[in-house]
Amino acid sequence: MLTRQRRRLYAKIAVLAGLCVGAAFAGLPVVWMLSTSFKTNGEVFQVPPRLITDNFSFDAYAKILGDAAQLRFFINSYIVALSVTVLTLFVAILAAYGFSRYNFPMKRSINAVIVTVQAVPPITLVIPYFGLVVGLGLYNTYPGLILTHMVFTLPYAIIMMTAYFNTLPRELDESVKVDGASSWTALWRILVPISVPGLVAVGVYTFMISWNEYLFALTLTRTDDMRTVPIGIQLLMGQHSYEWNQMMAMSILGSIPVLLLFLLFQRRFIGGLTSGAVKA
Amino acid sequence: METAKLDPAASPGAPPPAAESAAGRRRSTRPFPVQRVVPFGYLSPTLILIFVLMIIPIAMVVSYSFKDNVIVEQNPVFAGLANYTTVLTDPNFLAALKNTFIFITLSTAAHLGLGLAFATMLNSPLLGGVTKAIFRIVYILPWLFTVAVIAVIWRLMLDPSGVVNYILTTIGVLRAEVSWLSDPNMALWALTFINIWAGFPFFMISILAGLQGISPVLYEAASVDGATAFRQFRNVTLPQLKPVLLSMAVLDLIWTSQQFALIWMTTGGGPLNVTEMLSTYTYKQAFSSYEFATASAAAVIVLLLTMILAVFYVRLQKER
Amino acid sequence: MTGGSTRLQGRTRRLLGVMAVAVLSATAVGCGSNSGTSAGSSGSGPVTLEFAQWWAPELPAGSFDKLMSEFTAQNPNIKVKLLSGPYASTKQQLVSGAASRTLPDVVGLDGAWVSDFAKQGAIADLSELMTAAKYDSSQLASQIQVKGKTYMIPVVNFVYPLFVNNDLLSKAGVKKPPSTRTEFLDAAKKISALGGNVKGWALPLDTAVPNGIQNDVMSWLWASGGSMLTKDGKPDLTGQGVRSTVEYVKSLNDAGVVAPGSLTMKEQDKVEKFATGQVGMMIDSLAHITLIKKNNPKLDFSVVPIPAQDGYTGKRGIPYASWGIGVADSSEHKAEAFKLVQFLMNKQANAELSTLAKGFPGNKTAEPDFSTSDPLFKTAFDIYKEGYPANEFVGLPKAEDLMRSFDEQLQLLLTGKQSIDDTLNKAQQAWAPVL
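Taken in order, these protein sequences are the chains called A, B and C.
Here the first sequence stands for residues 1 to 280, where the numbers follow our numbering.
Here the second sequence stands for residues 1 to 320, where the numbers follow our numbering.
Here the third sequence stands for residues 1 to 435, where the numbers follow our numbering.
Simulated from the structure, these hints should not be mistaken for lab results.
Hints may be right or wrong, so weigh each one.
[As the list claims (entries may be wrong)] Calculated pairs, DSS-like style, for lysine-lysine (alpha carbon to alpha carbon, straight line, at most 25 Å):
{"hint": "1", "chain 1": "A", "residue 1": "LYS63", "chain 2": "C", "residue 2": "LYS293"}
{"hint": "2", "chain 1": "C", "residue 1": "LYS176", "chain 2": "C", "residue 2": "LYS385"}
{"hint": "3", "chain 1": "C", "residue 1": "LYS66", "chain 2": "A", "residue 2": "LYS63"}
Bear in mind that the values here come from a model prediction, so they are computed numbers and not experimental data.
Here chain A stands alone, though its shape is the one from the complex (with noise of 0.2 Å):
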C-alpha cells in the first residue's frame, strides 16, 4: 500500500515536472512580450537582455489606452469578431441542421466543397477578392469585413456543428414534430438549447479565428476608422522604426478580452469540442 501511494506521488511529481517544462515553453515569449511592454523603445535591445529594466514603466499602456484612435481599433474588433461569431453561428447552425438531419443529392459533394473552401490559400486570393469586394460596394465597411471573415470561419463551425448535431438522437426533434411543429421550430426549440457546449466550443473558435485575422482585416479596409487591432499593431511599425514597447503593450491588451472569453467559457468549451470535435 506504502509503495503504491509512493508510486503515485512520484508519478505527480513527474506530471507536473513535465507541466511546468511545458508552461515554460508556451509561457515564457509571453513573459518576455510584458516584459517588453514595460522598457523604454531603448531597452528592447539592451545588451545583456534584462527582464526588468531600470525605466520600467506602464507609459506604454497609458498610451495605448489615452488614444481614441487606438481604442476605435478596439471598438472595430469586438463589432466584426462579435457579429462574426454570432452570424457564423447561425448560418452553421442551419447548415449543420440541414446536413444532419436529412439526406439529399449532392450532398456528399456539397460537403467536399464546404471542407475544400477551407484549403484555399487566402494570400491568393487577395487581388480578385479585392476587386469583387469593392464591386459590391463592401470595401472600407464593417459587413465586408464580416462576411469575409464569415468566409472562414463558417467550413470549420459547420464540420463541428454537423458533427454534434449527429450526436443527439434524432428522437428529440421527432418528438416535437408528431406535436405539429416544423422542423424549424424544433431545431430552435430543442436542439439548439441542448447545445450550448458545442455552440460555445465553436464560438469561441470563430471569435478568435476573426479577432486575429490580419491579411483581409488589412486589405479591405483603407481608414482607422475601420480597422482592427491586429492592423492597429502593425501601424506601430513604421517605415523607419518600431514602437516596442506599444506594440506589446497593445498585444496584450487585445489578447485579455479573448483570454476571458476563455476562463469564462473554458468548461463548456472543452465539453463542447468532446462532443462535436471527437466525431468531426
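The hints should help you fit chains B and C onto chain A, whose structure is shown.
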C-alpha cells in the same frame, strides 16, 4: 423517410428560411418534393456566401492563370498553359514546395505530439482541478496573439544578441551565439519552431476534449486486466483518439500550408530561400514581380495540392 | 425514384436560379451604392480628396492633420481625408487598389514603385497636370519620370550618410571617421576587436523588404561616383564599379566585422543595434537621428560622407529615399488633387513638412528650419550639398524585385556558396530581361 413525411415545412408561426417558405407555399399540396428542398433552404445562406465570396474569386484566379499580363495591362491575352510551365520549371517554386512540405509535416507532427503530451498530462487524475485550470490557461497563451506580434516577439528573442542566445550561452548549452533566423542551416527549423509554438494550443485543447470523451469504463476494464499506464495509453487512449488525431492532422496540414504572415514577417523567405514557402513565393510573384498570371498559376497548383488533403479529409469523415 | 430525381433536378436548377438572382441583385445594389458615393461633384461644389500615405503615423502626432487643415484654409472647397497605413503594406494596398481602379485621389509613393504603377496606368501623368495648372516646375528639386513624363514628385528626401559611434571609434583607437574604403575596413576591424557583442558594421539583407541592397550595398558604389547601369539604362552588374563594390562588401564580411544575423536583418534592427552600441558604423537615413537620440540619449555619434574608393576625388553620390507624391489616374478630381500636390510643394508648406519629417525639401527654394533640431542635420545638409543625390533604383521597373534578385545572389556569395563571378553574372542575367 419518415422524418420527411412528418415535417410540415410551411407551418405558420415559425419563420422558416426564405427559400424554404417560398417553395413550400407553392407546393404545399405535394409534401414529398417539398421535403427535398428543405435541406437546401437550410443550406442556402452558406451556399450563397461561399459561392459569392469564394467560388467566384477562385474562378477569377483560375482564369487569370491562363492569361498573360493580367492586372498590369488592360487587355490580357490568352496564354494557355504557359504560366503553369513557367511555375513548374522554376527552381524557386520547387524549392518552395519542398520547404512547405517540411514545414507543414513537422509542424503538424509536433502539434499533435505536443498536444497529446500536454493534454494527457492536463487530463491526469493525479492533479487537482485548480492546478489543471491554471496550467490550461498558461498553455493556451500562444493562441491569444495575432501573427504580427508573434513574428515580432520571436524576432526579438531569437536575435543573435537576444534573450534566447543569452540564456543558452549563460547556462552553457551554446558556446557561441547562433543567428537562428538568418543562418541558412537554422532558419527553417527556427521558423518551424515558432509555428509549432503558435499553433499547438488549439490541438491540445481538441485532444483534451477527445480524452475527456473516452469512457472511464474502458480504463477501468484495462486496469482490472492489470495494464500499466503505458499499455493503457497504447491500448485504450490511442485507438480511441485515432479519429480526432487523424482529422486534426489533416486540418492542420491544410491550415499550416496557408501560413503566410508569420513567414513573411520573420524571415521573408530568406536567408537563401531556405524558408521560401508556396505562400511567400506566390506573394512575391504577385506583389513584387507584378507577375499576377504566374502568381495565379502557382495559386491554382497550391489549391489543387491542398484539395487532395481536403478530399482525404472528406473520406475520413465518411468512414465514420 | 427516377421520376423523383428528374423532378428534383428541375427544382435544383430553379433553386440555383433563385440564388443567382439574389446574388446578382446584391451585386447591383452594391454597385449602385458604390457609384453613388464616388460620383461626387466634379464641378465647383466642395470636393473631398482621399490621400493615402504612410507619412502621418511617422510624424509627430497630429502634425500632418494640421498641415492639411492649412491647405483647406487656403482652398475652402477642398477637404482632405487622410488614409494612413503601415509603410510595409502600403504598396500591396496600392497594387490592389490600382487593380480595381479604386486608388485614392492622391497617393504617397516610393520612387521604387513609380515605374510599375505608371505602366499599369494607375497613376496620372503629372506633366499634363502641371501644364494644365500652369505650374512652374523649375523650383522642384527633382521629378521622377517614366518615358519622359513625370509621375512622381519627391516631397521630402531622406539622405543616407554614414553614422559613426564616436565613443567606439576612440575606444578602438581610430582618430577620425573613415573617409576611404580602406580606412573604413580598418576602423571596422578595430571596433570588432573590442570584443563583446560589438561589430564594426551592420548589413541588413532581409529579402522581405530588400532595401538594404539600395541603402547599404549600392550606396558604396554611388559614393565613388559609380553606376550600376550603362549609359542607355541596361544593367552593368559585371562592370568594374559593381564588381569592386561587391568585392569590398565581401571583404568586410570575410573580415568578420559585420554584425551577425545580417541575412534576415531589417532596417529597423540595424538602427536598434547602432543605438545600443552593438554596431560602430552604419549607413542610415537621417530621419533616424531623433529616434536614436530618444532611444539612447547618451550615445555620442556623428554623420560623415560614405567612404569612397581610395584616391577618388570626384563628387560623392549620396543615396536617398523619398516621400513622393502622385495622383491616381482614376481620380475624378485631378485638378483639385494637383492643388494639393502644389500646396505640399510650395516653399512654405514644403519647408514645414521637411522640418517635421527631418528630411530635405523637394522644393529647392524651401528652407527647412533646422535651428531647433540637432546640429547633425546641419552637417548632413552640408554633406548633401557637396555631393549629389544618387539612387538608381528610383523609376526602374520592378525595382523591388531587382533588389531582391541581387540580394539573393549576394547572400549566396556571402555564405560561400558561389564565386564573385557567378554572383555578378547571375544577377546580371536576372536583371537583363527587366531593363
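Now the hints, each set against the structure:
Between the alpha carbons of LYS63(A) and LYS293(C) the distance comes to roughly 20 Å, so the proposed pair stays at or under 25 Å and holds. With a C-alpha separation of about 22 Å, the suggested pairing of LYS176(C) with LYS385(C) holds against the 25 Å cut-off. With a C-alpha separation of about 21 Å, the suggested pairing of LYS66(C) with LYS63(A) holds against the 25 Å cut-off.
Going down the numbered hints, you'll see the structure goes against none, and every one checks out.
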